[in-house]
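Novice: Sequence:
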Amino acid sequence: MKNIICSFVLFLIASSTFSQDFWVKRNMRESVLVGDSGKFSINPYASAFFDDREYISDIKKGYTYPGFFIQPQLRYKPNKKTSISAGFYTLYFAGNDSVERFTPVLSLEVKLLDGVELILGTLHSQQLHYLPEPLMKPERLFNSLTDKLIGSQPETGIQFLTEKERFRGDSWTNWERYIKQGSRFQEVFTMGFAAIVKPSTFSNRNGLTINFFGLAVHNGGQIDSSYLDVTTMINLAAGLSYRFPIGTGRNSLGLETTGFLSTDKSPNPKSKYLNGHAIYPKVFIEGNNLRGELGYWYASKFDNPRGEELFGSYSYVKPDFDEDIRNLVTAKIIYTVEVAKGFNLGGKFETYYDTKSSILDWAFTVRLVFYDFLRW
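Numbering of the sequence shown is given in our numbering, commencing with residue 596 and proceeding in unit increments.
It is worth saying that the hints were derived from the structure and are not from the lab.
As the structure is a prediction and not an experimental result, all values here were calculated from the model.
Hints are not guaranteed to be accurate.
Below, simulated EDC-like cross-link-like pairs (lysine to aspartate or glutamate); rule was C-alpha separation at most 16 Å, straight line [said to hold, decoys possible]:
#1 K793 / E760
#2 K656 / E851
#3 K936 / E625
#4 K951 / D917
#5 K867 / D917
#6 K775 / D819
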């Protein structure tokens with residue numbers, strides 16, 4: 596076992612690449628300031644993916660998502676501080692007789708202050724708002740459906756993005772389901788924030804990073820006829836990470852820990868788990884295009900309505916299988932590379948070992964993404 600671990604570490608250290616970005620951290624977005632005023636550009640944004648989840652635990656069973664989506668947009672800049680983008684989004688799963696989802700997209704963006712931009716309409720969510728996996732599962736990037744009436748992508752609402760030398764922020768409201776007078780279902784929306792502080796500036800990937808996260812999921816409304824209880828579930832998290840350069844400095848060794856809280860803030864809370872908490876320490880090695888990490892997840896009565904379900908206490912198989920305490924050993928290998936301008940290849944292998952039941956769940960994902968603005 597020791598030889599296997601040593602070989603894995605050496606493999607990571609020896610890696611080289613073209614890109615320094617990883618999976619959900621890849622920022623596929625241009626600032627409103629980029630581009631010439633009075634000019635048009637088009638972005639044929641598209642992604643094909645194969646996402647296989649081999650889950651056998653009592654918390655969640657496995658599934659496979661093979662498919663693709665396209666989201667082309669035409670963009671126009673009236674002046675250097677504003678832009679408007681319009682297009683459509685469509686999602687297709689292999690084997691279906693029709694597309695899974697088809698919807699228009701429209702984003703209006705404006706620079707409010709130095710480093711602060713406002714987006715109304717279709718939101719920028721390709722980074723999953725910087726949220727960690729227990730709060731926002733990565734598959735929501737391209738294919739997850741909250742239920743048959745709610746799609747994860749594209750998100751629509753209002754968003755404030757901040758990009759400073761030592762601070763990055765994202766605060767947003769995503770309106771997931773709209774209701775009319777007498778609708779037989781509730782309105783659903785999420786609100787969240789992410790604040791990332793880098794004392795040594797983001798130009799230096801090594802050193803200390805401080806993270807704060809929040810997410811609220813609300814089901815309610817006053818004009819529907821569902822007669823369902825209004826519910827609001829809140830997740831909060833805060834963490835620290837530190838990277839050390841190793842070898843020639845192209846690779847880094849890092850330590851990370853994040854604490855989580857969940858609380859039911861409904862007017863008449865009836866959740867089985869009204870309050871919960873969790874902690875998630877990790878160690879990772881990261882090169883330019885390859886990252887390996889090992890973590891340990893401990894949770895008590897934790898509810899995470901938009902996160903990876905394996906981290907939560909609720910069973911999506913049968914209520915009798917709910918687990919107050921969750922103990923998982925997680926391991927991941929993530930690879931990403933820009934194979935051509937705007938054309939990115941990514942692969943990921945993940946394992947989740949339940950120490951209580953001795954069950955190993957695993958998953959792998961391969962995806963290709965094209966995202967680039969063509970100007971004229």
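Novice: Of the numbered hints stated earlier in the document, which are not met by this structure?
Specialist: 2
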